[in-house]
Amino acid sequence: MANVLLVDDDAGFLAATSDLLGLLGHSVSTAASVEAARQAVEDKEFDRVFLDLMLPDGSGLQVLDSLASDHKKQTKVTIITGHPSVKNLVKSLYGPRVNYLIKPISLDQLRVLLDDKSGVAEVAQDVSGVHKHLGFLIGESQVMKNLYSMITRVSKTSANVMLLGESGVGKEVVANAIHHASLANGEFVATNCGAFSRELITSELFGHEKGAFTGAVARKSGVFEQAENGTLFLDEITEMPIDLQPNLLRVLETNKFTSLGATKSVDINCRVISATNRSELQLMSEGCLREDLYFRLAVFPITVPSLRERREDIPLMAKHFLGELNDEHGTTFNIVDEEIEKLKGYDWPGNVRELRHTIHRAFIMTDTESPSLIFTKLGSPFKNNVQQKGVLRAGRTIEDVERELIEVTLDQYDGDKKMAASILGISLKTLYNRINDYEEK
Amino acid sequence: MEELNKIIHDLRNPLNNISINAELAKLLVEQGGEKQRIIAAIEQIMLQCVSCSSGIDDLKSYIKNKS
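Chains A and B, in that order, are what the protein sequence lines are. Per this note's numbering: the first sequence = residues 1 to 441. Per this note's numbering: the second sequence = residues 1001 to 1067.
These are computed hints drawn from the structure, not numbers from a lab. Among the hints, erroneous ones may be present.
When the alpha-carbon atoms are kept at most 30 Å apart in a straight line, the in silico DSS-like pairs for lysine-lysine are as follows [unchecked claim]:
# : chain 1 : residue 1 : chain 2 : residue 2
1 : A       : Lys156    : B       : Lys1035
2 : A       : Lys342    : A       : Lys319
3 : A       : Lys210    : A       : Lys220
4 : A       : Lys256    : A       : Lys220
5 : A       : Lys344    : A       : Lys264
6 : B       : Lys1006   : A       : Lys145
7 : B       : Lys1026   : A       : Lys156
8 : A       : Lys264    : A       : Lys220
9 : A       : Lys319    : B       : Lys1035
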């Protein structure tokens, strides 16, 4: 747990935050002035300092100077401010070991910062004011609220979790949120089962001793060992070869593993979160995951909703992604309501990942003379492939295909003709003409 | 504009106090903490609400003077 210094002249905030962090097991010191803070950093080494800028005897930035010496450079600093504009100043002057939080702050934000092992945790609120639930997740829709509730519940247990959901929905982000909400002492270790070579998968998972096989010149720890007292995230679990899955099953059943070349087994103590983009039905029908392993991994299965199931969150996410880009490039680009409606009308087969890249692409095409993002072409080549397989075949007339496309689009948008016309790239008048033609036939 | 920024900044302080005391009260309830500590956190929230209310009055006066 961390050694923390709180610097603020608001006695009520200081006392409550001190109690709060104390309850979470951190060691907390407090200071209400620049002078007291300087004395505190002189006397003791801190892992993190939370710093208010407006203090009775000067600015919090003066305390930063005291932390500039070499032996204090391990100390990370979070500035707590009421002014979002301070962020740019902080970034340009002090680099990555100093970040900021905008008042009012929450426990989730403090947890993320204090649990962060790398020291470069993203703050749980961005400059555009988008709140990240549980420190990581964005969205106020009902499906996301249900997800937060499930994460909170399962984080209080040590149950293994299986995350199901389409590609790009953010399964690793959800896994990270579970890890941080669980207050585990160990690391969050993410690994992709599809990226292992067949020969090395056992070594990657369980590690090997020096000399265990040709080329094993030193001892190597596996991901299970690295995630001790923490969380092991196994992405694309179904990519693990089926004949190697019994090794993983045995470890999960016995809670022990033996690294390659070792003579003794070692106890494991970590939560395993696995993820797949296949549905439960596909898991069953395609036989890519052993049934017994499924039940071990999916003690608590969670389906992460696709973006089209929570279209109401699209404006918030777009604002967040644009805020990040604006911040990175020092721009003030925006998205007008009409363009947001375009984003909401699209299906997002690539989910949040596709939305992020779409905004990035439009951002690159925007300049300061016309600072609004324009989304000219929404679409994924992968989606077209899927559609072509299902809908298009030789032997049909263009008229037939056009009629079907119009009907499918109208269905998709619950008969909203204005939206359908916009998506189809035709005028509303043309759409009405077509519909009248079909009715006459 | 500077005055308005100051009023907004001053409003964030009690909000921050409310937020952190609410988090504390919640955690204390979850962990079965002392009743007195929970009540103290709630009293702090109530006190800061009064401060917020005064900040809103300042904001109202500012808008009135400007219009």
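Verification of the supplied hints:
1. Lys156(A) to Lys1035(B): This hinted pair holds, its Cα atoms lying about 23 Å apart.
2. Lys342(A) to Lys319(A): Satisfied, since the Cα-Cα distance of roughly 14 Å is no more than 30 Å.
3. Lys210(A) to Lys220(A): holds, 8 Å
4. Lys256(A) to Lys220(A): Distance of about 17 Å is within 30 Å: holds.
5. Lys344(A) to Lys264(A): violated, 56 Å
6. Lys1006(B) to Lys145(A): Violated, at roughly 35 Å.
7. Lys1026(B) to Lys156(A): holds, 15 Å
8. Lys264(A) to Lys220(A): Given that 30 Å is the threshold and the Cα spacing comes to 15 Å, the pair holds.
9. Lys319(A) to Lys1035(B): Distance ~42 Å between Lys319(A) and Lys1035(B) Cα, so the pair is violated.
Checked against the numbered hints given earlier, this structure breaks hints 5, 6 and 9; the rest are met.
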